[in-house]
Amino acid sequence: MNKTALITGASGGIGKSISETLAAEGYNLLLHYHTNQNAAAELAEKLRETFGVHAEILQADLSAPEGADKLTSSIDQPVDAIVLNSGRSHFGLITDVDNATVQEMVQLHVASPYMLTRNLLPGMIRNKSGAIVAVSSIWGETGASCEVLYSMAKGAQHSFVKGLAKELAPSGIRVNAVAPGAVDTNMMNQFTPSEKEEIADEIPIGRLARPQEIADATAFLLSEKASYVTGQILSVNGGWHC
Numbered sequence: 001m002n003k004t005a006l007i008t009g010a011s012g013g014i015g016k017s018i019s020e021t022l023a024a025e026g027y028n029l030l031l032h033y034h035t036n037q038n039a040a041a042e043l044a045e046k047l048r049e050t051f052g053v054h055a056e057i058l059q060a061d062l063s064a065p066e067g068a069d070k071l072t073s074s075i076d077q078p079v080d081a082i083v084l085n086s087g088r089s090h091f092g093l094i095t096d097v098d099n100a101t102v103q104e105m106v107q108l109h110v111a112s113p114y115m116l117t118r119n120l121l122p123g124m125i126r127n128k129s130g131a132i133v134a135v136s137s138i139w140g141e142t143g144a145s146c147e148v149l150y151s152m153a154k155g156a157q158h159s160f161v162k163g164l165a166k167e168l169a170p171s172g173i174r175v176n177a178v179a180p181g182a183v184d185t186n187m188m189n190q191f192t193p194s195e196k197e198e199i200a201d202e203i204p205i206g207r208l209a210r211p212q213e214i215a216d217a218t219a220f221l222l223s224e225k226a227s228y229v230t231g232q233i234l235s236v237n238g239g240w241h242c
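Per our numbering, the very first residue in the sequence shown carries number 1; after that it's consecutive.
Honestly, I wouldn't trust all of these hints.
[To be verified] Taking lysine-lysine pairs in the DSBU-like style, the calculated list, with each CA pair at most 30 Å apart, reads:
#	residue 1	residue 2
1	196	3
2	225	3
3	3	70
4	166	225
5	128	225
6	128	162
7	166	196
8	166	3
9	46	162
10	196	70
11	70	128
I should point out that these hints are in silico values taken from the structure, not numbers from a laboratory.
Generate coordinates for the entire structure from the input sequences, incorporating the hints supplied.
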C-alpha cells in the first residue's frame, strides 16, 4: 500500500518540487495551500496524470490561530509523512516590525507546525511508524541581521525538531529538518538581479540552490535510507555560512 504524505505550502517553488519527488516515489499526497488554489489544483492534476497517485488539495491559513485545526479536520486518513514547508521571510529592522507581524510569523513557523503535528501524531503513534521533516532555513542556525524575526522563528523550528525527535523515537517516528541557504524561488524576488549575483558570489559553490536539491534532501530524510537519522538539521547551503 502506498504511503500518504501531507505537504504544507505545496504550491510554492520548494513545495512543488517536494510534491513531484514524493509522487515519483509512489506517495499519495495531501497538498496544502493558502491562497494559490489554481497552482495547487494544477499540481495535483499533474501528479495524478504523471504518476498515477492520489493527490488532493487542502486549504488553510497557517498564519491564523485556527489554521492548523482547520487543516487537520479535513484529513480523514492516516498520514505516514509530514513535510512542514509553509513559510515566508520577513526583511526589516526589529524596531520597524509591528506586533501583528510578529504574531503571524510565530503562528506560521512555530505554533501551527506544532499544532498540526500534534493533531496528526496519534495515528503515527498507533502505527509505530512515521517521518516528519521541517523545511527550515540557514538563518535558524546562524541568524541574520534585518531578518531577526524570521531567524527567531526558524531557530524555534530547530528546537522543535530536536525535542520532538527525542520524544517520538521510542514510537518509531523520526523528526528532522532541512535548512536551505539561498534557493532560486520566488522568495528571492525581493532582491534585484545584481543583488542575487552578489549573494551567489558569497556562496562557495557559486550559485543559488535549485528547489529540486531541497526536495532530494527532504525525500532522503523521509526514506528508509535515513532510518537511523533523527533530530538532525541537514544544512543544504552550498557551503554558505557553514
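Hints and how they fare:
Using a Cα cut-off of 30 Å, the hinted pair residue 196 and residue 3 is violated, with the two alpha carbons roughly 38 Å apart. Taken as a hint, the residue 225 and residue 3 pair is honoured in the structure, with Cα atoms around 16 Å apart against an allowance of 30 Å. At roughly 23 Å between alpha-carbon atoms, residue 3 and residue 70 fall within 30 Å of each other, so this suggested pair holds. A threshold of 30 Å between alpha carbons decides the hint, and for residue 166 with residue 225 the separation of about 19 Å falls inside it, so the pair holds.
Straight-line distance between C-alpha atoms of residue 128 and residue 225 comes to about 18 Å, which keeps the hinted pair within the 30 Å bound. About 19 Å separates the Cα atoms of residue 128 and residue 162, which keeps this hinted pair within 30 Å; it holds. Pair hint residue 166 plus residue 196 does not hold up; C-alpha atoms about 38 Å apart against a cutoff of 30 Å. Note on residue 166 and residue 3: the hinted pairing holds, with a Cα-Cα distance of about 24 Å set against a maximum of 30 Å.
For the given pair, residue 46 sits about 35 Å from residue 162 by alpha-carbon distance, which is inconsistent with the 30 Å threshold. Annotation: proposed proximity of residue 196 to residue 70 is violated, straight-line Cα distance about 37 Å (limit 30 Å). Our distance criterion of 30 Å between C-alpha atoms is met by residue 70 and residue 128, whose separation comes to about 25 Å.
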